[in-house]
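K.L.:
As a plain string of letters, each chain reads:
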Amino acid sequence: DAKTTQPNSMESNEEEPVHLPCNHSTISGTDYIHWYRQLPSQGPEYVIHGLTSNVNNRMASLAIAEDRKSSTLILHRATLRDAAVYYCILRAANAGGTSYGKLTFGQGTILTVHP
Amino acid sequence: NAGVTQTPKFRILKIGQSMTLQCAQDMNHNYMYWYRQDPGMGLKLIYYSVGAGITDKGEVPNGYNVSRSTTEDFPLRLELAAPSQTSVYFCASNVGRVNTEAFFGQGTRLTVV
Numbered sequence: 003d004a005k006t007t008q009p010n011s012m013e014s015n016e017e018e019p020v021h022l023p024c025n026h027s028t029i030s031g032t033d034y035i036h037w038y039r040q041l042p043s044q045g046p047e048y049v050i051h052g053l054t055s056n057v058n059n060r061m062a063s064l065a066i067a068e069d070r071k072s073s074t075l076i077l078h079r080a081t082l083r084d085a086a087v088y089y090c091i092l093r094a095a096n097a098g099g100t101s102y103g104k105l106t107f108g109q110g111t112i113l114t115v116h117p
Numbered sequence: 105n106a107g108v109t110q111t112p113k114f115r116i117l118k119i120g121q122s123m124t125l126q127c128a129q130d131m132n133h134n135y136m137y138w139y140r141q142d143p144g145m146g147l148k149l150i151y152y153s154v155g156a157g158i159t160d161k162g163e164v165p166n167g168y169n170v171s172r173s174t175t176e177d178f179p180l181r182l183e184l185a186a187p188s189q190t191s192v193y194f195c196a197s198n199v200g201r202v203n204t205e206a207f208f209g210q211g212t213r214l215t216v217v
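Protein chains in written order, with our numbering: chain A, 3 to 117; chain B, 105 to 217.
These aren't lab readings, by the way, just hints derived from the structure by calculation.
Among these hints, one or two may not hold up.
Calculated pairs, DSS-like style, for lysine-lysine (alpha carbon to alpha carbon, straight line, at most 27 Å) [unchecked claim]: (1) K118(B) with K161(B); (2) K148(B) with K161(B); (3) K113(B) with K148(B); (4) K71(A) with K5(A); (5) K5(A) with K161(B); (6) K71(A) with K148(B); (7) K148(B) with K5(A).
Take a look, some chain A residues computed to stay more than 10 Å from chain B by CB distance [unchecked claim]: (8) N15; (9) H36; (10) L53; (11) N56; (12) N58; (13) E68; (14) I76; (15) A80; (16) A85; (17) A94; (18) P117.
Cβ atoms here follow ideal geometry from the backbone N, Cα and C, with glycine treated the same way.
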């Protein structure tokens, strides 16, 4: 599986935007970029995913570099509830377009949000 | 819609005891997974299943067994519990396509003393 690199930790102030970076220089053409987050004492939850184009949903935006070797998760206005560990994960598709769906977790980025 | 349900939420085992962690999902997902998470670390895959009757090892399978007799249930069995198995265990499921999200349970916190 292609590897991702994230900063160990980041800090933000409440109601300010947060940009969480992820490097994935060995990404292959069929790898999807997924982001999950894990709130304290909870299971991971899905945030967003994308392949080539930037993506927006109600939780966040995902900006993908043109060469796909990096991506950035954008939280537009951080709240205290956004304090969590954020994981950037690559999911590879096999030739059939399906995968075993395995998510390989790294250390993630610990996001601290200050009031 | 309950999603992924894990039981129990907490358990303390003595060394050498056995137990089964239960996981059930009501989304008709074929793919199910067991992960463990040690303090301050990311999740590591123990076992996974791509459908009833089909299971395979993940990254850290030693000391665990699984079975998948139905689509809904994917129990994880610990035989001869050891202190190294003290961890938080998460079950997850998805439809298996690479562009879909996975759903996680709330976890089982296991302590082996």
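K.L.:
The structure should be examined with respect to each hint, and the outcome stated for every one.
P.N.:
These are the hints, each one checked on the structure:
Restraint check: the Cα-Cα separation between K118(B) and K161(B) comes to about 25 Å, which is no more than 27 Å; the hinted pair holds. At most 27 Å may separate the alpha-carbon atoms for a hinted pair to count; K148(B) and K161(B) meet this at roughly 12 Å. Of the supplied pair hints, the one linking K113(B) and K148(B) holds, its CA atoms being roughly 19 Å apart against a limit of 27 Å. Among the hinted pairs, K71(A) with K5(A) is consistent with the structure: their alpha-carbon atoms are about 11 Å apart, no more than 27 Å.
For the proposed pair K5(A) and K161(B), the alpha carbon gap of about 20 Å is at most 27 Å, so the pair holds. Taking the CA atoms of K71(A) and K148(B), the gap is near 24 Å; set against the 27 Å cutoff, the hint holds. For a cut-off of 27 Å, the pair hint linking K148(B) to K5(A) stands: about 14 Å separates their Cα positions. Listed as outside the interface, N15(A) is consistent with that label: its C-beta sits roughly 25 Å from the nearest C-beta of chain B, beyond the 10 Å cut-off.
Some Cβ of chain B comes within 10 Å of the Cβ of H36(A); the nearest lies about 8 Å off, and the non-interface call is violated. Its beta-carbon lying about 7 Å from the closest one in chain B, L53(A) breaks the requirement of being farther than 10 Å from that chain. At the 10 Å boundary, the C-beta of N56(A) stays outside the reach of chain B, the nearest C-beta of that chain being 15 Å off. Separation of N58(A) from chain B is adequate, the least Cβ-Cβ distance of about 16 Å exceeding the 10 Å criterion.
Here E68(A) stays apart from chain B, with its beta-carbon at least about 20 Å from theirs, past the 10 Å limit. Chain B leaves I76(A) outside its interface by the beta-carbon criterion, the shortest separation being 18 Å against a cut-off of 10 Å. Distance check on A80(A): its Cβ is at least 22 Å (rounded) from any Cβ of chain B, clearing the 10 Å threshold; non-interface status holds. Non-interface status of A85(A) relative to chain B is upheld: no Cβ of that chain comes within 10 Å, the nearest being about 16 Å off.
Residue-level check failed: A94(A) sits 7 Å from the nearest beta carbon of chain B, not beyond 10 Å. For P117(A), the condition that its CB be more than 10 Å from all CB atoms of chain B holds, with the nearest at approximately 25 Å.
When the structure is compared with the earlier hints, violations turn up for hints 9, 10 and 17 and for no others.
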